[in-house]
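> Going line by line, the protein sequences match chains A and B. Taking the UniProt record's numbering, the leading residue of the first sequence gets 1, the next gets one more, and so forth. Taking the UniProt record's numbering, the leading residue of the second sequence gets 1, the next gets one more, and so forth.
Some hints here could point you the wrong way.
[Said to hold, decoys possible] Coverage of chain B stretches by chain A, computed from C-beta distances (three or more under 8 Å per stretch; other residues unrestricted):
#1 101 to 115
#2 169 to 178
#3 337 to 351
The set of hints was computed from the structure by calculation and includes no laboratory data. By construction, the Cβ of each residue, glycine as well, lies at the ideal position given by its N, Cα and C atoms.
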Amino acid sequence: MSLAHDARVAVRPATTAQPSARAWPEIDNPAAWIVAVLLLIMPLIANGFFLIEIFATTLILGTMALSLMFLAGYGGMVSLMQLTIAGFAAYMVAVFGVSANTNISLGWPWWLAVPMALALATIFGTLGGALAVRTEGIYTIMITLAIGAAFYYFTNQNWAIFNGHTGINTVATPHFWGVNWRADIPFYYVVLAVAALCYFAVDYISRAPFGLALQGVRDNPRRMAALGFNVNAHRVAAYAFASFVAALAGVLQVWNYRQISPGSVSVSACIDVLIIAVVGGITRPIGPFIGALIFVLLRTFALDVLIKFGLDGNRFRLLIGLGFLAIVFWSSDGVIGLWQRWRQSHRPTTGRSGGAHGHG
Amino acid sequence: MSKCSVGLLALSSLFLSGAAIAQEKIKVGVTATLEGTYTVLGEDGMRGHQTALNVLGKKIGNKELEFIVASTDATPDSAVRAVRKLIEQDKVQILLSPLSGDEGIAVKNFAKTHPELTFINAASGAQETTYVDPAPNFFRYNMDGAQWQVGLGKYAYDEKKYRKIATVGEDYSFIYTQVFGLVLEFCGAGGQVTNRQWVPLGTKDFASVIAALPDDVDAIYLGLGGADAVNFLNQYQQAGGKAHLMGGSIMIDQTILSSKGNAKNALIGTIAASGQADTWEDPGWQKFVKAYQDAFPPNKRFPSPSLLATNYYGSTMALILALREVNGDLSDNQSKFRTALAKIELDAPNGKIKLDSNRQAIGTNFVTEVVDDGKGALFSKVVKVIPNVNQTLGYDAAVFSKIGLPSRSVPECKKY
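The shape of chain B in the complex, shown without the other chains:
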């Protein structure tokens, strides 16, 4: 019986959505990781998206934006399935997708099969997505994982005097890209990375990983995110771990810093780098934090927006501003819209963002340190701001291409 009624509902919802096309609307599909290890990240991404709509509004001239959300679980297959549903069933014209690294690579490849639509990356940060064989209709307004690590290696070497470090990271493209950025700079300064451990995304038991952490290093770099990071910290604390820590961009982030329990206190004093810093004084950033805090009650948000919220805010902002510039004109395979997207210079909360010829963001990066605000909440405090970080990390393009693509063992620990 229930099967029948569900089937009927499904059918009726379909006809309803068919009737809605009558008004002048621009349909935009959004994907976020609302399932699996990165659920918390996806939810905060959607809060950032909503904040952007609150601030900028949904009107484009006399048209209105309509957003349709689909859920993924950070695997490339789920992203392709969600994007296909949005395109084929919901008939969206523009996509704001996806959130996670490997999803980004899959969606970029998929974008090539739909040259008539435009894809705006929501938050994913694998280098390959825009660096290798980029899709002409795929735009990314956030920096990649390597750009988000700029400044960290030098800071660790020069200021913290770390000489030898080991890394633990999730075994997929985004974390490879993050470690790539770190190793390039840290080893370039003269440091050594003695050991790189990789754990599958969604790992719950870190006992063997923790037991294998080397003792003779100055610090351990953690490239984990979401539930994996919290599990690691709990088990690390129970195992009595005391090493200095360094963090990746989704490790030292409100998604982890405002998790429940006291395992996160192991992170106080940890240095990290990311595309944002919670306590940055910049008025644009402060205004964004206020808008985010006003949009949701305190128990339904983080004390301060996470990197994902900021990225979704930025990509939604680019979408709306570019659409307004062409007054919602999507004719001629959206070519005017795309030209506007490529040229736009965003005054995003986390600094100015413009695109390079691969449609990849050039933006501002932040080196941070985790502090306790005295009331038990943890924030990332700015120690250094680095403007104009490009995808080749300041290297000459030819030199950069010789380093190779981020993977478990690339780059080697040496000066390039």
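Next comes chain A alone, as it looks inside the complex:
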């Protein structure tokens, strides 16, 4: 929880010294504008592979990790079931929507199937959260991991709804207004829009009364309870919101691959989301997206890099592991922490306000 602690330290000067920046701190940050423009014109720069396999995948995984960042960074609750919730939403899109497994899929149009999937996944995540809020720290991790593992084994062996190990193939993707929304460029913009929406929602909530109360609950639940806040209700509400964010990412994921199977909700994939959040840094909403970019680049290119150097390509998992170890070793609060420290050491005078961006 030391990560969360650092964040609180950074919060204070911002709220007191820069009240005008409370609304949208990114507005006066040129780096944020450059990133935003780059993301918008990405289809002009990147071809299909980079656009979808790298950037869209990064945004989808980043959104999933964002839901974890919201719970862990602002609520102090490390939930390993965020991927499970996303996977549940993905399965529900496949089950209610149209797919090649006609004996399972109900064949609803996407505009009915998707809200249904989002609602069910949010309920699923909220119920899981209601269980998990009774515990703290390592026990929260354990109970959410248990939910994730149980869901994985259930999908692997249930053939009536989840089609077992084979999973559900050829899931239909939306076509309307004459646009195939799964074609590379439209799909990229859909993903970008959803990711941006989630990002700003998390950013906004972190400064809204609910988010501030949640951070209070994170730092001192007993004092908050004494002040009259319902601590558990805040935590369950945080789970509900995070579940909705994760469910959105899950819908995008199933559209991206057009299939879903238990491998996508395995325990190791749940842990991948944690790795992404930790590597990126869980003190700010941008962290998970940076973590996801590093994760996707390593996962996609590690094999090629090893072979280019004439090494045994079979050891590519080692390279991935070493990359993560290096990042976590040099910065316990992820890449965000590295960057923050670099700024502070190079610009001692402005370091404080730099550290305060995005919070407050």
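Dock chain B against chain A, hints included.
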């Protein structure tokens, strides 16, 4: 820091691969299970692929074949991700993929979204892949799991006099297909299958499975593969299991027979059926075994090629021979190449192979028995060779379609 350098490397490797397109090359993507439970199978598959390249060469007229390998872990998602990477990043024109059953179903469905490319199945053997709604650009030169069991049921009933058996298998499409082939024939002959147990792929603890094995059966059929099979055998031996065993095609295979330790000795005398037999006398097979043994040092290969090596050899062979027939012409959405693929008759190491109208192999099957060669190495010895096995297993197509698709409980144990 390391993040930066890795990112740079990734970028530079990308530009390098971009420059390589300048020469006249045909790019082929290959996937194999180089991770997870089936790692050993994937590695031997790649050895079979390499052996085929050693024997046949990579030249197609004045063009050269370039192979790009991607790794999967036997789950359908990993296969789709690997195939997409090969198509979108590496711009391959032909795919040699995938290895495992459910991967095959997912890749076949994916193939429909890329009608301009050609997919040659590397080794996967689920029935559904080519039997249900086949993709016109997906070709399979190995038989499916049910075809690989042809002959076993009758042999067990007539020669071994087994009347009642139980099965233990991994809970996914390929093993369903294998049990489908076994049950159809064994029950058709008059035998009974009293109990079918299914374990998740990647199971490590078989204690409860072993405890639940029935005592009143003549034999137990094992449909396991890779690490799962070795784990099962170890625990079965420790539990003092003594039943007669029967094996599926990836259970009685060099991937298991040459595993370390003595648990595999429980398999001596086990009868099985597969698309190959280690000790077959056929000169074509012997030549293939020799080429495989010469290509790799003894500690980096199995004593004799596994079924996966043979399948990868066969699919690579089909790819190269068909490409040579059209002189590397991939124009017009590869239509000439596809016609050549559909018509080709392979003189594969494990017998003649031709395709049916679903682009599914009709080939030769082998009933085998595991023997010790006297020096501690185990091999599968041929007891029966069955030529011309088709996907409907000799049944009339209408009757066959009534049986249903392989699953945990299909087919029922009766005569169809």
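> Hints numbered earlier in the text: which of these fail when held up against the supplied structure?
3
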